[in-house]
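The listed protein sequences correspond, in order, to chains W and C. Note that the UniProt record's numbering numbers the first sequence so that position 98 is 98, with each residue one more than the last. Note that the UniProt record's numbering numbers the second sequence so that position 49 is 49, with each residue one more than the last.
Since the hints were made in silico from the structure, they are not lab data. Glycine included, C-beta positions come from ideal geometry on N, C-alpha and C. A few of these clues could be false.
Unchecked claim - Label-pair ranges, simulated between beta-carbon atoms:
| hint | chain 1 | residue 1 | chain 2 | residue 2 | range |
| --- | --- | --- | --- | --- | --- |
| 1 | W | Arg-118 | C | Gly-17 | 49 to 59 Å |
| 2 | W | Lys-168 | C | Gly-17 | 42 to 52 Å |
| 3 | W | Met-64 | C | Ala-143 | 47 to 57 Å |
| 4 | W | Asn-193 | C | Ala-181 | 24 to 34 Å |
| 5 | C | Pro-120 | W | Asn-2 | 48 to 58 Å |
| 6 | C | Gln-86 | W | Ser-279 | 51 to 61 Å |
| 7 | W | Asn-2 | C | His-148 | 43 to 53 Å |
| 8 | C | Gly-17 | W | Leu-111 | 20 to 30 Å |
| 9 | W | Tyr-246 | C | Ala-143 | 21 to 31 Å |
| 10 | C | Asn-87 | W | Pro-5 | 50 to 60 Å |
| 11 | C | Thr-3 | W | Arg-95 | 47 to 57 Å |
| 12 | W | Thr-3 | C | Gly-121 | 44 to 54 Å |
| 13 | W | Asn-193 | C | Asp-10 | 27 to 37 Å |
Stated by the list, open to error - Here are the simulated DSS-like pairs of lysine-lysine, each with C-alpha atoms no more than 30 Å apart in a straight line:
| hint | chain 1 | residue 1 | chain 2 | residue 2 |
| --- | --- | --- | --- | --- |
| 14 | C | Lys-67 | W | Lys-168 |
| 15 | C | Lys-78 | W | Lys-168 |
| 16 | W | Lys-217 | W | Lys-145 |
| 17 | W | Lys-168 | C | Lys-72 |
| 18 | C | Lys-145 | W | Lys-168 |
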Amino acid sequence: MNTLPQQLANGLLLGSMYGLIAIGYTMVYGIVQLINFAHGEIFMTGAFGALTVYFYILPGGTSMWAAVPLMLVGGGIVAILVAVGAERFAYRPLRQAPRLAPLITAIGLSLALQEVVRNFYPGADKARAFPSLDTTHDLGSVTIKDADIFLIVAAAVCMSALAWFVRKSRTGRAMQATAQDPDTAQLMGIDTNRIIVVAFAIGGFFAAVAAVSYGLKYGNIDYRMGFLMGLKAFTAAVLGGIGNIYGAMLGGLVLGIAETMAATYINNIPGMQQLGGQSWANVWAFCLLILVLLLRPQGLLGERVADRA
Amino acid sequence: MTTPVLEARDVTMRFGGLTAVRSVDFTVNSGEIVGLIGPNGAGKTTFFNCLTGLYVPTEGTVSYQGKVLPPKPHLVTKAGVARTFQNIRLFANMTVLENVLVGRHTRTKEGLWSALLRGPGFKKAERASEERAMELLEFIGLAHKRDHLARNLPYGEQRKLEIARALASEPGLLLLDEPTAGMNPQETRATEELVFAIRDQGIAVLVIEHDMRFIFNLCDRVAVLVQGEKLVEGTSEVVQADERVVAAYLGEPFEGEPADDTGTAATAEETDTADETDAAPAPPETPAAGEDTGPDTAEPDGTGPQSTASTKGDTP
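Isolated chain C, as found in the complex:
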């Protein structure tokens, strides 16, 4: 159960003088759903881009199933890592089915000649590919819209289609970049189910999300990125209990947030009590939190250092 699928070692990404991601070690094991959270500008998407070959990390390596990933996005996909995007990036002028078929690109073979001559092998491969694509559309519940243009789908279905397109490349690891952004609670719940179903097919999932309830429900393990550095990693409980995470990300511990029924408010409360009981039993592998944020770290729009400073005063 715990063979690593994805291993990022000491990944650093600099843009000129700006260090967006700093020496991050990170592992996703097979059969796991791992969450990556952090304030805006913490470097989550940059880290994703390093994993998918869009960026070549300044330092460090990313390997998938023991092999270092090549720095070319199409080869990363071929190796078995697929992703979705924070802002939907479907092929808007293609149909739903065609979008999924593009996703199958690396898993279908076709020579120029066999395509032009339309030999029996070609037709067979094409039919098999289409069948598989339809299976995926059924899986996400969009089979009845196969011939609609992607741009005409409602938002939630576009998100789903992106997931189907990513699954079409038959990945061993699926990266989801804010899959529930802009969704209503029902849609979020449905996405949760979908992610569990994907995991049950044997695909490891790494998900970036801002919706804490979604993350803590879903993930076996959560890593927190703040100012480009990994602050904490562990189970939902460990992460929620860590006061620096609470400070840097969740905001100030429970001060009567309005009616988010049982969700974040409740967890914040739990966190608070947890803090007091087991004081600070040094959560695993944590670099010094607030102090290390030099002037060259991460994106500037941070809720980062300021909020850390302010909450530090408040916490007992």
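Chain W on its own, in the form it takes in the complex:
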């Protein structure tokens, strides 16, 4: 009857997925101060890229062991192309424009990507089946699926690789420098355009990893899947302190766990019986965001935004 460990695990899994997507928002924001509202759709195209690899490229009956890595590659390539293309053709021409212009462009791009997929991808207007990894494992009071293991491992690997990359590599240092002061970074010999492309590409790849996990876990995808996931991941990024990659990871986990806990347990509180369940999960997630923005507007780890302003 103790459901807490299971709910914690669910929250952690959902949170990892948010965190992976949130990286894309936070890196782009950290470097060009743009909120890339099309990022949810980049996540969605990543899912369709992976689906394409599975249904249209790989021969039928390929084992999932072989298929999943290839789906990651395919989804990754599609998401990176879309992300980098968006930067190159939609955002870069507006780099010097007032900040409202790229923001509106992002919203437009988001709608355009949804419509392109809906109209041109066979069967994408309804939910399309995605190969899932449903084998379950019982770990005492927690039951998880293969898809969950994939998600948690992928998220851990991606996040630690990114943390190392930003901290220790030459390109990572150049990214930090560009985030802190793009003009000076240029004068130190850093090609800031290239750094911006790298940020978009990393965000795109992480979104694709999240998208493949999403498909494997829930078993179907559709052209609107990016909207809510994107919004939640954006919330996670703001929650953790936008611009800070550790903040995105933390924000994702906090949001995922809080949302799951609220949906499960809040109806045990006397007088709030009506407010529990999955249909209220989003409400609690955004309430948490409002609360954090009221009490700590820079986000949980977001001290760096302050001295940038």
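Following the hints, put chain C in place on chain W, whose structure we already have.
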């Protein structure tokens, strides 16, 4: 000894109707320390920005070692021109060492894959880069603070760190924008030594400064920019002797300035006598001074035309 490192030809920079820099010809030779002085708003920093690709000159070209510099700052740095800033612009949230390593960006190679896989080549390159960065920190005397955040350094050390970061790109020419601004005399003296040491490493130096004593001690050659135009260029003696420079910049010739011991006061006096002795043996390459300052010239906060006019009355 006199191969030109940097050659600016006929550089003009306009912002709308405002001409901040007007047809400036300028050369820095290898092994030289050249000073660029001028009143506030004379266009010195604008000229610097033209040299480093931050601004693309409206007219004219800037070439480094015979090649025209590309209009992209990162490519200019790659070519071998590095700079510091008038207001310190360190990466405040990075450590001292990381700041220098960012400076080494153009001199290190790294593919994405080798970085992710951390191959032996990558580690070796990284170690070499770090060693070089530490050498530089030792050179400026900040090695013991390698892991401090740049923003926690005291002012003078931040200035030094900026120089180290610029040197990290292994430049052939170093541009210093007011390196001693806000420094006390000891720090200024130390900076002087540092600049000489840099020159001795074979790096040409171009320095903007307001501290006349610093400039005249340091520089092999000094150019004076007034209202966006080059007024005079030559050795310290020539520049100090030029009455228009004195008028436009140093202020009125010696009228009993208070206790700046031997510095500017003394030089002003020298200037005065020099003026009388060799009358006006036309200092080299001078466009007509005060007259040419049309309404569209340079920044408006000028000590320029007014002071020129007033001092002209006073000078014999």
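Cross-check of the supplied hints:
| no. | hint | verdict |
| --- | --- | --- |
| 1 | W:Arg-118 <-> C:Gly-17: 49 to 59 Å | holds (52 Å) |
| 2 | W:Lys-168 <-> C:Gly-17: 42 to 52 Å | holds (49 Å) |
| 3 | W:Met-64 <-> C:Ala-143: 47 to 57 Å | holds (54 Å) |
| 4 | W:Asn-193 <-> C:Ala-181: 24 to 34 Å | holds (32 Å) |
| 5 | C:Pro-120 <-> W:Asn-2: 48 to 58 Å | holds (51 Å) |
| 6 | C:Gln-86 <-> W:Ser-279: 51 to 61 Å | holds (59 Å) |
| 7 | W:Asn-2 <-> C:His-148: 43 to 53 Å | holds (49 Å) |
| 8 | C:Gly-17 <-> W:Leu-111: 20 to 30 Å | violated (43 Å) |
| 9 | W:Tyr-246 <-> C:Ala-143: 21 to 31 Å | holds (29 Å) |
| 10 | C:Asn-87 <-> W:Pro-5: 50 to 60 Å | holds (55 Å) |
| 11 | C:Thr-3 <-> W:Arg-95: 47 to 57 Å | violated (39 Å) |
| 12 | W:Thr-3 <-> C:Gly-121: 44 to 54 Å | holds (52 Å) |
| 13 | W:Asn-193 <-> C:Asp-10: 27 to 37 Å | holds (30 Å) |
| 14 | C:Lys-67 <-> W:Lys-168 | violated (34 Å) |
| 15 | C:Lys-78 <-> W:Lys-168 | holds (22 Å) |
| 16 | W:Lys-217 <-> W:Lys-145 | holds (8 Å) |
| 17 | W:Lys-168 <-> C:Lys-72 | holds (26 Å) |
| 18 | C:Lys-145 <-> W:Lys-168 | holds (19 Å) |
Consistency with the previously given hints fails for numbers 8, 11 and 14, ordered from lowest to highest.
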